Amino acid sequence: MAEGLRNKVAIVGAGCSQFGENWAMSAEDMIVEAAYEAYADAGIESPQRQIDAVFCGALYPSRGSAEVAESLKLFDRPVTLVQNYCATGTDAFRCGVMAIAAGLYDTVLVVGFDKPKDRGVSGPSVVMNAVRGLPMTPAGWFALCAARYFDTYGAGREDLARIAVKNHHNGTLAPKSMLKREISVEDVLSARLISWPFGLYDCAAQSDGAAALVLTRKDLARGFNAEPVWVRGVSIMLSPNPQTDPDFDFLGWKPTRAAARDVYRQAGINDPMRELDVAQVHDCFTMTELLTYEDLGLCARGAAREHIAAGTFELGGELPVNTDGGLKTFGHPTGATGVRMLYENTLQLRGLAGARQVSGAATALSHNIGGAPQACGIAILGRE
Amino acid sequence: MNTIGITSYGAYIPTARLPLALLDGAQPRVGGPEKAVAGFDEDAITMAVAACGDCFPTFERSRVDALFFITTSSPFAEKQGAAQIARALDLRPDVLTADMGTSLRGAGAALAAALDMVRADPAKTVLVVAADCRLAPPHSALERNLGDAAVALLIGADAALVCEQDVAASDTLFDIWRAAGDATLHSWEDRFNITEGYQRNTAQVLRRLLEKTGTSAPQYRAVACYGPDARSHRALLTELGFSRAQIVDPLFGRVGNCGAAHALLLLASQLHALVPADRVLLGFYGDGAHAFALRCDKPMPRPPRDVSWYLERGRTLPDYDSYLVSRQLDTAAAERRGGDGVAATVHYREREATTAFIGARCRVCGTGHFPPTRVCYRCYSKDDFEPLRLSDREGTLLSYTLDYFFPSPQPPVAAGMCAVAGARVYLQLTDVEPDQLRCDLPLEFVFRKIHDAGGRPNYFWKATPARAPREVSHG
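Note that the protein sequences, when read in sequence, are chains A and B.
Quick note on my numbering: the first sequence kicks off at 321 and runs consecutively.
Quick note on my numbering: the second sequence kicks off at 4 and runs consecutively.
Note that these hints are calculated values from the structure, not bench results.
Computed from a predicted structure; not experimentally measured.
Beta carbons: idealized from backbone N, C-alpha and C, even for Gly.
It cannot be assumed that every hint is accurate.
What the hints assert, rightly or not - Have a look at the derived ranges for each label pair, beta carbon to beta carbon:
#1 Ser382(A) with Pro410(B): 18 to 28 Å
#2 Thr472(A) with Gly369(B): 21 to 31 Å
#3 Thr492(A) with Asp27(B): 48 to 58 Å
#4 Pro302(B) with Asp471(A): 40 to 50 Å
#5 Ser143(B) with Val446(A): 33 to 43 Å
#6 Pro560(A) with Arg441(B): 18 to 28 Å
Said to hold, decoys possible - Covered stretches of chain A (chain B as the covering partner; in silico rule of three or more C-beta atoms under 8 Å from a C-beta of chain B):
#7 507–516
#8 558–565
In isolation and in its complexed conformation, chain A is listed as follows:
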């Protein structure tokens, strides 16, 4: 087996724009906010000289890689746009990590961004250029596991609601989050339905936003301002579309299971529940977060419900999940999300996460899953 990416690359700078309905901000504004915060964090004073290559992740860019190159005036160097469903940000990060590990560049900028709120719709676009596969709504796709999972394990809408309540609380503690409002289980259950069993509060807030990271080689990491955070592993996995996979069981998602196996091997993690200190997981819908607890091996199959009731994944619980409010309240600009999670984990590992700090966090996981869903990205960072 190949040797993997463990501890070859460090994050030495992290930045994030305000997430939200940024009516007055362009993609350029958000990219500049995020990148210059990361430059400042790393102590980069002359990015045109110090950044060797750029990997961007975005799902809705109008100008492709030029959106970033023009915004940051980073020319005459490689600028690449990566897309991989909701794992887009994590995959852009992985490309940066691989390029450095391969010895191609010393210092790489990773930028995740998206500006979906220029489309004039409050949710995802409605597709009418197909007749099969309709309705083509993310809520409908991700809801398809629920009926079968509920039947099998006895969980219900209340269990999902507790996840939304937790993430809403965490979002109030993150200055750059989109939504800062506590909600109750009753609020979740009485909201209008989007796609059963998901009501409005079971769905993530689609938003604008950008996040950026500065990566460098192990031997150069101590030369930057910030305390380095080490990349222990990063994995991307594509699995069969659950809508056509003849073996899909509706009780969990194959790409998360596959990526978890791979990334735990890279990072040398045997008991994730014990060895991880904090996790940011994809909560596009509450059910996604629930299934991800089990797919990541944080608890047994069907046991998510007990852990939700026990507060295992709340701030102060055994393994806090989505400390900044997650997609649910921090916001979900698709290409930015994976990079935003790495930003949050970088803050957590450096002890800079303020009111939502998980004390003594030394190992942090971030996870995205997207498509029908069939693409997953997972990254594990460590202090050492």
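Could you slot chain B onto chain A? The hints should help.
The following block gives chain B in isolation, referenced to the frame of chain A:
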């Protein structure tokens, strides 16, 4: 000896019923008069596919040589409905298809043509299908009498119901019509329409038919005759000497006048009761009239669902607005969805999968796939598949959701993952109440309109709770 006639049949009446009291703003009562209303995802083409599908449990579909489609309410001004129906039914590619539209008595002409084709032997089996969902102006008197339905007949030799004679007459008058571009029907004054149009023409062909066959009214077991309304229908046939017991219930107050399919629906309602030597009269009206004398030679094969089954299974619409929505008569829902819809090239490439609902079965490991794919999901064999028709199979609902976000005339959209013939298919569900949804629900599949994107109907298959046990298909 002449043995050519009707060998098999299938009928279709949509699920929804509009209580006629709602047209008067009154409170409907249980058992009160109503009419059958096609759903928002149905039209003459989808109803024709449903009726034809019910012919096939007793007949090999690949033996059909020609298909005639009769409707006055085609969703297309230019484009053949019969070809779409033939593809949806997975008929042979060399089948002769034709639309015989625009006249209420088109089914008579189609039936005569089908009989002649079989007699002259260029075809052994002809499928004749009539379907209509005609629209009258909302709240008009005409609206009360119209209903939606489809009937398919297989015409061939060694028939259960042999056609002995027919008599036609052509006439033209403006009693009821719809000009190109109009959505709803127009009609002249009722008394003129009935006396000069319907009764004069229909009486004339029925009398000539009795003369030509040397028979008299009492010799017939049943007379299945088109009627624009209950009263003039009864008056005409009583005048001709038919007794109450002979006159087939024209289904006003239950289905309504279903246009080009009306006379055939009345005939279909009697087919299970006929015994050898029974005689039946079949009468069509519209721009003239056409009548057929039929003789039962042997019992008719019973389709999986007969007319009485459809009459029993109605779902009552709660209000008049629901009816306007289901027929897309409300201005808001009638607004065309934006964009170009499905690219014609995509539709062309995918017509086997999308129109005929044909997947692929791996010849190596047997795994079913939908849509068809090049490399097998399980054993990774490449290009080693055989076609797998899913439309006439039963499936089960693996998991489901109710999508309130996707735009639909009647939200929420029920959607689910279906297991069928070893394949997985993501489909919308139709004719289902939310509280019927459960994991492992048995399903069957119906051809429906998905949307009007691009300003044209776009069809695909939907799942519906399995309605009645189907016999084993020979197809």
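Checked hints:
Distance hint check for Ser382(A) and Pro410(B): the Cβ-Cβ separation is about 25 Å, which falls inside the suggested range of 18 to 28 Å. For Thr472(A) and Gly369(B), the Cβ-Cβ distance of about 27 Å falls inside the hinted range of 21 to 31 Å, so the restraint holds. Between Thr492(A) and Asp27(B) the Cβ separation comes to about 57 Å, which falls inside the hinted range of 48 to 58 Å. With their beta carbons about 45 Å apart, Pro302(B) and Asp471(A) fall inside the hinted range of 40 to 50 Å.
Against the hinted window of 33 to 43 Å, the Cβ-Cβ separation of Ser143(B) and Val446(A) comes to about 35 Å, which satisfies the hint. At about 25 Å, the beta-carbon gap between Pro560(A) and Arg441(B) stays in the expected band of 18 to 28 Å. As drawn, the segment 507–516 of chain A meets chain B at 5 residues by the rule of a beta-carbon pair under 8 Å; at three or more, the given contact holds. For the segment 558–565 of chain A, the stated coverage by chain B holds: 5 residues have a C-beta nearer than 8 Å to a C-beta of that chain, and at least 3 were required.
Consistency note: the structure conflicts with none of the earlier hints.
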